Amino acid sequence: MPATGLYHVGAREYDPRTARWLQRDPIDIASGDPNLYRYAGNDPINMADDGGKDWFKKTEDGIWIGPFLFNSEVVSEGLKTGLAAVGSVFTFGLWDGGAYKDQVGFDTSNFFAGVGRECLITAATLGVGEFIFSARAARQVQQAANNAQRIVGSGRGAAHGTRVHTEFAKQVQQISRGRIRAEVSYRNGVVVPRGSRGSVRVDAVRGRLDKPKEIWDLKTGGAQLTPKRIEQIRRHLPKGCENIPIREVRPR
Numbered sequence: 186m187p188a189t190g191l192y193h194v195g196a197r198e199y200d201p202r203t204a205r206w207l208q209r210d211p212i213d214i215a216s217g218d219p220n221l222y223r224y225a226g227n228d229p230i231n232m233a234d235d236g237g238k239d240w241f242k243k244t245e246d247g248i249w250i251g252p253f254l255f256n257s258e259v260v261s262e263g264l265k266t267g268l269a270a271v272g273s274v275f276t277f278g279l280w281d282g283g284a285y286k287d288q289v290g291f292d293t294s295n296f297f298a299g300v301g302r303e304c305l306i307t308a309a310t311l312g313v314g315e316f317i318f319s320a321r322a323a324r325q326v327q328q329a330a331n332n333a334q335r336i337v338g339s340g341r342g343a344a345h346g347t348r349v350h351t352e353f354a355k356q357v358q359q360i361s362r363g364r365i366r367a368e369v370s371y372r373n374g375v376v377v378p379r380g381s382r383g384s385v386r387v388d389a390v391r392g393r394l395d396k397p398k399e400i401w402d403l404k405t406g407g408a409q410l411t412p413k414r415i416e417q418i419r420r421h422l423p424k425g426c427e428n429i430p431i432r433e434v435r436p437r
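Numbering (my numbering), first residue to last: 186 to 437.
Bear in mind the hints are in silico, worked out from the structure with no lab data behind them. Treat each hint with caution, since some may be false.
Pairs of lysine to aspartate or glutamate, EDC-like flavour, derived with a Cα cap of 16 Å [as the list claims (entries may be wrong)]:
hint, residue 1, residue 2
1, LYS404, GLU427
2, LYS398, GLU352
3, LYS355, GLU368
4, LYS413, ASP395
5, LYS404, GLU433
6, LYS404, GLU368
7, LYS413, GLU433
8, LYS396, GLU427
9, LYS396, GLU433
10, LYS396, GLU352
The following label-pair restraints were derived from C-beta to C-beta distances [what the hints assert, rightly or not]:
hint, residue 1, residue 2, range
11, PRO378, ARG414, 18 to 24 Å
12, GLY425, GLY190, 23 to 29 Å
13, SER381, GLN359, 42 to 48 Å
14, LEU207, GLN417, 37 to 43 Å
All values derive from a computational prediction rather than experimental measurement. For every residue, glycine included, the Cβ atom is placed at its ideal position computed from N, Cα and C.
With these hints in hand, go ahead and build the complete structure from the sequences.
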């Protein structure tokens, strides 16, 4: 619906600016079960109802989007902040596997799939189009981490972690065909050569290096992406990009 900026999807209209439906779910609890998580196959992270009457939509890139909420009133103030939507009202997920699951009845309580959970703030703030690019990149980064671990093999300690990081960089470039850059160093808002004194190096970057959209930090073993590390990275990012998503990725 070009005039309004809304998406007409079956029984409802969806507003990408606020990431909310404008009409109540027409099915609601028609199944007779007040547990709306069962309505989503007990997988509200990934089982979409993007047409207002159906479960999910598969994009051409193999990304499953959903859910977009069962009741628009649930969102209210939450979606106005964008951030509150993620982790409280809804999240977006993506398939980690390639198995296609046929649609089943609304009362199905079990749904099995290899799902990589990734809360994408992008979806709540920039709309579905940007979410799709983000989800594709997240899938490629995760695949690179998995490949790196498999190629390097099991191990522990700093030396093993370094080998995994080195292989990860190769895999990222190969899988994304250069669209995601690996091992990028920033200092005071500028891209600098690797190893530059006072710089921070990140493992994967989506977007232009001088205007990154997302960053991933690869962790192995017991290492974690801490708030302190995130703050350290943000201090050195280009101006206007200090609040982009910074995510942890680890081999599975």
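Verification of the hints:
no.: 1; hint: LYS404 with GLU427; result: violated (21 Å)
no.: 2; hint: LYS398 with GLU352; result: violated (23 Å)
no.: 3; hint: LYS355 with GLU368; result: holds (10 Å)
no.: 4; hint: LYS413 with ASP395; result: violated (23 Å)
no.: 5; hint: LYS404 with GLU433; result: holds (7 Å)
no.: 6; hint: LYS404 with GLU368; result: holds (13 Å)
no.: 7; hint: LYS413 with GLU433; result: holds (13 Å)
no.: 8; hint: LYS396 with GLU427; result: holds (10 Å)
no.: 9; hint: LYS396 with GLU433; result: violated (20 Å)
no.: 10; hint: LYS396 with GLU352; result: violated (25 Å)
no.: 11; hint: PRO378 with ARG414: 18 to 24 Å; result: holds (21 Å)
no.: 12; hint: GLY425 with GLY190: 23 to 29 Å; result: holds (24 Å)
no.: 13; hint: SER381 with GLN359: 42 to 48 Å; result: violated (26 Å)
no.: 14; hint: LEU207 with GLN417: 37 to 43 Å; result: holds (41 Å)
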